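Participant: If you want the building blocks of each chain, they are given just below.
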Amino acid sequence: MDSATGRADAVAIEVSGLNKRFGSIQAVADLDFTVAPGRITGFLGPNGAGKTTTLRILLGLVKATSGTATIGGHRYEDLDRPLHRVGALLESTSFHPARRARDHLRMCSIAASIETSRADEVLDLVGLRDAARRRVGGYSLGMRQRLGLATALLGDPSVLILDEPANGLDPQGIAWLREFLRYLAGEGRTVLVSSHLLAEMSQTVDDVVIIADGRARASGPLASLTSQVRAAMRVRTPEADRLLGVMAAAHWTSRRLAHDLVLVESVTPDQLGPVLARSQIVVYELVNQSTDLESVFLSLTANEPVVQPVTTSPGQPSVTPP
Amino acid sequence: MIRGIRSELFKLRTSPGPWVAAGATLLFTALGIVVVFLVGRGHGQGVQFIAPTSVYRLRRLIGAGFAVGGVWMAAIAGVLCVTGEYRHKVMTTSLLVEPRRWRLLTAKASASLIWGIGLAIVSLLLVGAMGIPLLKTQGGSVSALLDQAGAVLPGFFAAFALLALFGAGLGTLIKNQIAAVVTILAITFIVEPVFDGLLPHVGRWLPFAASAAVAGGLAPPNARIYLLSWWLAAIVLTAWGLIPILIGYFVTFKKDVT
Numbered sequence: 001m002d003s004a005t006g007r008a009d010a011v012a013i014e015v016s017g018l019n020k021r022f023g024s025i026q027a028v029a030d031l032d033f034t035v036a037p038g039r040i041t042g043f044l045g046p047n048g049a050g051k052t053t054t055l056r057i058l059l060g061l062v063k064a065t066s067g068t069a070t071i072g073g074h075r076y077e078d079l080d081r082p083l084h085r086v087g088a089l090l091e092s093t094s095f096h097p098a099r100r101a102r103d104h105l106r107m108c109s110i111a112a113s114i115e116t117s118r119a120d121e122v123l124d125l126v127g128l129r130d131a132a133r134r135r136v137g138g139y140s141l142g143m144r145q146r147l148g149l150a151t152a153l154l155g156d157p158s159v160l161i162l163d164e165p166a167n168g169l170d171p172q173g174i175a176w177l178r179e180f181l182r183y184l185a186g187e188g189r190t191v192l193v194s195s196h197l198l199a200e201m202s203q204t205v206d207d208v209v210i211i212a213d214g215r216a217r218a219s220g221p222l223a224s225l226t227s228q229v230r231a232a233m234r235v236r237t238p239e240a241d242r243l244l245g246v247m248a249a250a251h252w253t254s255r256r257l258a259h260d261l262v263l264v265e266s267v268t269p270d271q272l273g274p275v276l277a278r279s280q281i282v283v284y285e286l287v288n289q290s291t292d293l294e295s296v297f298l299s300l301t302a303n304e305p306v307v308q309p310v311t312t313s314p315g316q317p318s319v320t321p322p
Numbered sequence: 323m324i325r326g327i328r329s330e331l332f333k334l335r336t337s338p339g340p341w342v343a344a345g346a347t348l349l350f351t352a353l354g355i356v357v358v359f360l361v362g363r364g365h366g367q368g369v370q371f372i373a374p375t376s377v378y379r380l381r382r383l384i385g386a387g388f389a390v391g392g393v394w395m396a397a398i399a400g401v402l403c404v405t406g407e408y409r410h411k412v413m414t415t416s417l418l419v420e421p422r423r424w425r426l427l428t429a430k431a432s433a434s435l436i437w438g439i440g441l442a443i444v445s446l447l448l449v450g451a452m453g454i455p456l457l458k459t460q461g462g463s464v465s466a467l468l469d470q471a472g473a474v475l476p477g478f479f480a481a482f483a484l485l486a487l488f489g490a491g492l493g494t495l496i497k498n499q500i501a502a503v504v505t506i507l508a509i510t511f512i513v514e515p516v517f518d519g520l521l522p523h524v525g526r527w528l529p530f531a532a533s534a535a536v537a538g539g540l541a542p543p544n545a546r547i548y549l550l551s552w553w554l555a556a557i558v559l560t561a562w563g564l565i566p567i568l569i570g571y572f573v574t575f576k577k578d579v580t
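Which chain is which? The protein sequence lines are A and B, in order.
For the first sequence, our numbering begins at 1 and goes up steadily by one.
For the second sequence, our numbering begins at 323 and goes up steadily by one.
None of these hints come from the bench; they were simulated from the model.
None of these values were measured; they are calculated from a predicted model.
For each residue, glycine too, the CB sits at the ideal point set by N, CA and C.
Among the hints, a few may not be true.
Per the computed footprint, the stretches of chain B lying under chain A, defined by three or more beta-carbons under 8 Å from a beta-carbon of chain A, are [what the hints assert, rightly or not]:
| no. | stretch |
| --- | --- |
| 1 | 420 to 427 |
| 2 | 485 to 495 |
| 3 | 531 to 538 |
| 4 | 570 to 580 |
All chains should be built: construct the whole structure from the sequences, respecting the hints.
Facilitator: See below:
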């Protein structure tokens, strides 16, 4: 962080051809993505997708089987005084329960050659000033998350890597975190946030990287990705076979999702409703497939994509079919 | 490296385990002081409480923390210094601050060694606060006691420091805190006594026997014939610390932290 300008040095995160194998399990497979400075990038994926493993490789805690994960062109373990460059929040249990919050931060400060007075500053920043002298064992999950965030901010880093930072936060805390991340990105910092709270992420992030089974499924600006979701309707009916026939006759693409559930692609409720009425098909449920982050995520992490695969080009999102 | 060692010492200062070890050292030292004053009357007539006068008993008063077992606490403190990180998942934080693992481990080993010396100082302070007044009240000679300090203290400090290093090595090799502490106790109460009894020429190479040799004059006279020379014992005890650290570094410390 440049203290004169108040702007962070532009540092990008680059992951290239990353692979990690734990025995017979391929946790990360040929993963490529970049995270741009000054933007909040959401790192999304279902449980076991390889998000945490990727972040741990990036932070030098796990050794990659092959490929590279660098911050500003350097491996984390090669960074001189890494806390000054990168702040990381990995899990809310990384504290000695008998140690006071202030002492936890001072312990890190001493090792990283940071003024110990900075501990009080960051505790103030995350709203833990009054609990600074309490033992961490008595902290709630939300307070631990805040303390983790304070640890990440200790060295005033230009890169922040946060794994599920909203875990345990109450609605006010989540709103606070959203504004806080916006503020940090506004200073030019590189912010990479992994989360499974898609609704929250859609309000927070600028870019997304979506992974499943250790592979990148999509990356790019959130707005570009959501714009690619095809309009679609889900119909629950006891007459699924007849509905599929009617849709075929109307030249609409449809497919069966379950014995009583049919997905009709590229139609709107206004178009589909009258056709169903004319055909006198019994309908239990008619759902408009939304075009939000959740839809993108579900389509990319399920077997059948709703997002059209596109060719990568500058400024455009990259989408790989599952 | 200095800042790493300072941080590790700060960690020890701000967690309860090492203080429990310090408390136990005081307890063992107090016991050791009392034992020095107790002398058997002979022929089953009980014991009497009298001031030490012989060179051996005066040395044992100075090294009261060593003789009864306070020195074990140095090894346990060394174990706690390393395994506490794994137990409370603080290793992740430590490696984020210092990702070069050999530097982190060196800082931990150094801090353990320093904490071991700290325990020796704590023990000596109690000898000063409790042993010397007792000596005076029983009509003993304080100057005679102080005359033995030069012969005892270098070995006394070295034994505490090197056993703490041994503990750090064991903790590096065995990440599970309870398993590592149990291993220390098993070596102390089972392995070494068995070797001392059955194969003393092998047993003298084991860590606590080596620490007795390093401490020199603190070992019982009849045991000294089996002990290594102090300088060889110091090398052996250092090896008991460094070899597990080296093996542990490659076998456990360098592994993925998931």
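Participant: Decide, hint by hint, whether the structure agrees.
Facilitator: Hint check results:
Remark: the stretch 420 to 427 of chain B is confirmed as covered by chain A, as 3 of its residues place a Cβ nearer than 8 Å to a Cβ of that chain, reaching the required three. Counting residues of the stretch 485 to 495 of chain B whose CB lies closer than 8 Å to any CB of chain A gives 0, which falls below the minimum of 3, so the coverage claim is violated. Counting residues of the stretch 531 to 538 of chain B whose CB falls under 8 Å from any CB of chain A gives 0; the rule of at least 3 is not met. Only when three residues or more bring their CB closer than 8 Å to a CB of chain A does the claim for the stretch 570 to 580 of chain B stand; here the count is 3, and the claim holds.
Checked against the numbered hints given earlier, the structure breaks hints 2, 3 and satisfies all the rest.
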